[in-house]
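Novice: What follows is each chain in one-letter form.
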Amino acid sequence: MDAFTWLYTDIVKDHFMNPRNVFDPGENIAWDADGIVGNVKCGDQMQFFLKVDGNDMITDVRWKTYGCASAIASTSMLSEIVKGLSILEAYQLKPEDVSKRLGGLPDNKIHCSVLGDKALRSAIDSYLAKTGRAGAFKDVGATVVCTCLNITDRDIEQAVKEGARTWEGLQERTKIGTVCGGCKGRAEDLLVEYVHVFGHDE
Amino acid sequence: MDRRFVYMDYNATTPLHPVVKARMIEDLEIYANASSLHESGRSARARVEEARSAVARLIHAKDDSSIIFTSGGSESNNTVFATMFHLGRKGPRKGIVTTSIEHPCVLNAAEWLKEEGFPVRFLGVDSKGRIDLEELRSAVGPETLLVSVMAANNEIGTIQDVTAASELSRAAGAFFHTDATQCAGKIPVDVEAWKADYLTLSCHKLYGPKGIGALYVRKGAPLLPLIRGGHQEHGHRAGTYNNLGILGFGVAADLATKELPEYSTRVRSLRERLREGLTRRMPYAHVNGHATEVLPNTLNLSFPGAEGESILLYLDLEGIQVSTGSACASGSLEPSHVLLATGLGPELAHGSIRFSLGRDSTQADVDYVIEKLPHIIDRLRRMSTVA
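As you go down the protein sequences, you meet chains A and B in turn. Our numbering numbers the first residue of the first sequence as 1129 and each following residue consecutively. Our numbering numbers the first residue of the second sequence as 143 and each following residue consecutively.
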């Protein structure tokens, strides 16, 4: 009897049972950068470690998590995908790219898979800062949320990283939704997601 | 050790007792409407009334007619709260006092009354999950309509001092309800000793079928139907009798009454073996709930650094079935409201696992879990961002 058939695909099960590229302190690798996102209080946290060569190519990765089966499986898959990509290519990966490779995740588990790519981007941001290019990928892969003021999901992400926690706080920093207000629903969803992901020091 | 199938989720539900199953299979032939006056109907009705007596005996109710069959615990609890809604709208008393660790069907029914303008107070619990009787004493007064305190908690197994809670409530002139869904069949339930006005039971927690439950209503206590229609259950609960479910409930209730002493001794010793074995191998594990005032079959542990849904699914792969208070398992960001109410930090609440044993549990099952779980926890803690 396959206890997982109703819940997850065989690929998810394989990555959950045998997660790839899990961080092992015994390896003693000098990582070029790392990034951590999420909040243990909300039940998941993710850390990504990167080795990057002189041509901005990712040569090796490791990750650690406090998270559920979907978080483990999707980050394991993500860690396989990013090896050999440039940091720019890796930065553009979306959670859908990972869930597609996993053969899909149950709807209520999609939110568990978003931490991996955020941790990866956080590690790449830290690598960019370390190499004198802080914020260089700020607009990479961004989607416009507020069409009146051309404010993107990345702008909202940045505002949350800088301390925005409420709709008013977000408006104060970005002026989002101050013209027609049509983006409020989508923007508030993103706000909740990003506070969950990036509000880890609270 | 060979892979085993180990079910340790008896607080979620139980399999049919083999005797219940056999009797239900026999009674599949009985199709008559138990309200019909003809011979087949009367024969079906006789079985319903036999079952009513058996359920009354299980909870030491003096009067069989104080038992009303419902579709289960949620309906029984909702019937009590709906009755209070009607009483409160017309009478001077409106106050509702309950606890913060009730089952969601009580919590949400209480929230509904709050939205309707009733003053509702949710009592806190201590770190072991027990309410403070002094807090209850100060919470009840001439305005209190109902006090509802669950007899035993489904997640951590903590048993309340129901008799004391009932006395305080009645002294204030309030009705007293207790949700005994989780303790019937596991510890003695006595509506007379507890002096409950209302008591909720569910059949599938005591080795009977799903979809059937009961509400005990003390003679003289008001009750308004949640489901209106025919005259079944003296007009308290309309709907054609669920003969087969009711029959199964009766048989299960009789067996639970008879087997309780042996069950409780045996399951308690298995639970102690599990607790000792796991905490010896994982001294960092946190035991949730009360050490002595606890259901004999329930063990709730938290593992720092390991997330509950991952633990649950790794155990599942080993054939071990448990439940967790982790948010991820429920799809929200909030972990178990019960564990948070005991003051447990969110990290430990997310990393909680409930083992609930039952009449088919064996020492070999317990030893298999003690063998498998430490490796799983160790693996998750090694890959964890939480040191």
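Note that these hints are calculated values from the structure, not bench results. Model, not experiment: these values are computed from the prediction. Treat the hints with caution; some may be incorrect.
[Claimed, not checked] So the derived list for chain B, only partly shown, Cβ under 7 Å to chain A, looks like this:
id, residue
1, M166
2, L170
3, H202
4, D303
5, E451
6, S452
7, A469
8, P488
9, E489
10, M525
11, S526
12, T527
For every residue, glycine included, the Cβ atom is placed at its ideal position computed from N, Cα and C.
Novice: Which numbered conditions among the earlier hints are violated in the structure presented, ordered from lowest to highest?
Specialist: 1, 2, 3 and 4
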